[in-house]
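2 protein chains.
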Amino acid sequence: MVTLENINIDEIIEHMRAALSEGDWDQATTLLESLRRSDQAEIFSDLPPEQQQEILPLLSPENSADILEEMEDEDVMDIANRMETQRLVEIVDEMEPDEAADLLGDMSSEQAEQVLSQIDESEDIRYLLEHSDETAGGVMTAMDVHIKQNMTVDEAIWHLRHLSPDSEDIYYLFVEDEVGHLVGVVSLRQLVVAKPGTLIRDIMDPDPIFVEVGADQEEAARLMQRYDLLALPVVDADSMLVGMITYDDLLDVLEEEATEDIYRLGGVPKEQPSDVRLSSAMKTRLPWLVLNLITALLSAAVLSIFEGTIAQVAVLAAFFPIVAGVSGSAATQTLTVTVRGLALGDIAPREGWKTLGRELSLGLINGISIGLIVAVIALAWKGTPILGFVVGLSTLLNMICAGIAGVLVPLLMQQLKFDPALASPILVTTTTDTFGYLFYLGLATLMITSLV
Amino acid sequence: MVTLENINIDEIIEHMRAALSEGDWDQATTLLESLRRSDQAEIFSDLPPEQQQEILPLLSPENSADILEEMEDEDVMDIANRMETQRLVEIVDEMEPDEAADLLGDMSSEQAEQVLSQIDESEDIRYLLEHSDETAGGVMTAMDVHIKQNMTVDEAIWHLRHLSPDSEDIYYLFVEDEVGHLVGVVSLRQLVVAKPGTLIRDIMDPDPIFVEVGADQEEAARLMQRYDLLALPVVDADSMLVGMITYDDLLDVLEEEATEDIYRLGGVPKEQPSDVRLSSAMKTRLPWLVLNLITALLSAAVLSIFEGTIAQVAVLAAFFPIVAGVSGSAATQTLTVTVRGLALGDIAPREGWKTLGRELSLGLINGISIGLIVAVIALAWKGTPILGFVVGLSTLLNMICAGIAGVLVPLLMQQLKFDPALASPILVTTTTDTFGYLFYLGLATLMITSLV
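Chains F and R, in that order, give the protein sequences.
Position 445 (the first sequence) corresponds to 445 in our numbering; numbering is contiguous.
Position 256 (the second sequence) corresponds to 1256 in our numbering; numbering is contiguous.
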């Protein structure tokens, strides 16, 4: 019986650690090279800079390029900055053009020019460098196989075989006319199963999905995801085929977008690696907390208005966390469902009213349930029926308010072209806090004679 | 100049809407069929049930199968339940085995058996039905091409050409030995560029990454993402090749997992489509709010203890939202970064102490900043230096507390095998609420003589 075993990475890491602690760089390098590329990159990027500097020269430029391609941009920059230009040129020369452009784009333009001037085929990289990181042009790969619509299947295969591009994997071939306009797409499988003499134009799909070079990377990702595409052709304003976005780029974009939403909903406006410098983490998070502080002043002002009521009936304070907090949680639930629904396209902007009606009903139903429980708790705990009534009713009102704010705020943000994940959480909880205190202390003030 | 235009879906929808309102089902169906499959599915699933029922019989079983495959499981079940068995059998017969198994798995076993008994090749579906939805076996596709290691390249291509499997796209071919054990992988590209007489065993990668049939779908997704795989072979306990997980399944799993995390962090314990029934949405959300309510009682109890202090210095209440709220936001920031770091594998469990140290320092720095601002606001607003001191110091202490809770709670949850995204938010905000009131009112009580 055959037994397959996925390589035990932990074991190899342990051996490597031993070799590293003995300063046996050759042994450590050999162990590293025995792993798959993705694992090499992960382990290498976890090493302290001094060890990286010992090992990198022992790896071939090809291998170094592969490892650097898989690493985080920030880590790659640190390594590149510590490297001699000659060595850097050798490595960049072996990198995929899109990855090379990412690296050079992060450098100063003089530094990048110094590297580019020593690379033989620098046009691809230069072309990619013209596009911003977040656009289709910024994530695309240059085309290195050009299939014309008037080739036969065996000409196309001959073409593939002789170029033997070991660059990124090929799943589809994008077909060009004589001048280079995108006119179709043919899958490698179609090529393999077609009769050799068939013309490419006769088997290609003449209506390929594509994206323009300046489009947002999110738009490209959405198209690829929607149509289950492994590669998406990129065209310029004249419909000329200029590159393609591949599957691995899509995965990166999707992960980036999901992380961005999660971070923003959690009040961290900018995604950062978990080992970012403390000062940089502070710069991202502190301003957001200050903004929180400013909005909190609104509910502080409401509380301040009712100072007299609180002084007379201090027992009221005990229920603050309940009236404001539980509705805040309900608002966060509604907000989460709405923001994710908008992101996944499940909630169309024109269906906003439907969502509002739904969440309003839910706020009412959950509000009655929670309001009743809260009223009973207040009555049982403090023995005052009027207090129970005030706590219960204000909770109910605030739950309805939570349902409305949780839907309206993100829809409005979307209308105003803001990211609903970014600005909404802070606004929604401010709303439930402020209205919670307003309902609760307003009602209590009206009934003050029965409460004292 | 060639001009490419992505199909204008909105325009076609408008024409369809017109045809539908006139009851012109043939025209509506023709318009629907002119779209790409993913778009057909989306538009079809948005139609009211009566219109779906008119159009479905006009579509071919192949086309119906394609549309149902792309739709949400719940919607498909609704449609299947309204369909005659004979028609359902025709459609299921045209579905991918993995999609057919998903559909039949949601039905009662008698209903599923009734359909299966009338399908010619039901073994594949029956085999897939044995595995739970969330496992590798549940998302895999059965293999319909079997490539043996002793075939030559042209035999393999002949094999492909003659089976011409139009099922899911093929990017890699998984290679078996004589009995069917997984022994290697070869890409379609390698096959195309290799010399015809070469043996598959000589060009294949003999060390493929694979997953066991019972493994969690998340594990499969992580492997595919880590190694940028388009297809992952699935083996049984005897290393026999039993299926593969493809790219489109991976995208679905990744989206599911991201949505699950977002929902759980937002206090919605179970993901639901945005048009789920109200009763079902209530069942998911209300218990979570009740749990919130119970934890809120803890801070209510703290406030109740200090009722005397509040009665004496009612002005204290104005700063509740600031002392508790801003630290709550800071804790949510820390929690978000930690939970996402754990999910993406950026934070290894053994690196927990590093993360704790980092967030503790951040809590201290941000705490000093926010504490100072708050103290100045309190002084300027209420004109009492001691109040400023109490508000500022308790905010600082609570910010440190937020940093600790934001890291420790999710790490602890992970250790206890709970999902950190699920249980942590509620625990973390309870901590900052409770400690916030404790620090603030405790300090105020100690200094009561200077405050009155």
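What the hints contain is simulated information worked out from the structure, not anything from laboratory work.
Hints may contain errors.
The calculated lysine-lysine pairs, modelled on PhoX-like cross-linking and capped at a C-alpha distance of 25 angstroms, are [unchecked claim]: (1) F/K283 - R/K1417; (2) R/K1354 - F/K270; (3) R/K1148 - R/K1195; (4) F/K354 - R/K1283; (5) R/K1148 - R/K1270.
Note that the structure is predicted; figures quoted are calculated from it, not measured.
Hint check:
1. F/K283 - R/K1417: violated, 34 angstroms
2. R/K1354 - F/K270: holds, 21 angstroms
3. R/K1148 - R/K1195: Roughly 17 angstroms between the alpha carbons, so the hint for R/K1148 and R/K1195 holds.
4. F/K354 - R/K1283: Measuring from Cα to Cα gives roughly 20 angstroms; hence the hint holds.
5. R/K1148 - R/K1270: violated, 44 angstroms
Going through the hint list in order, the structure does not satisfy hints 1 and 5.
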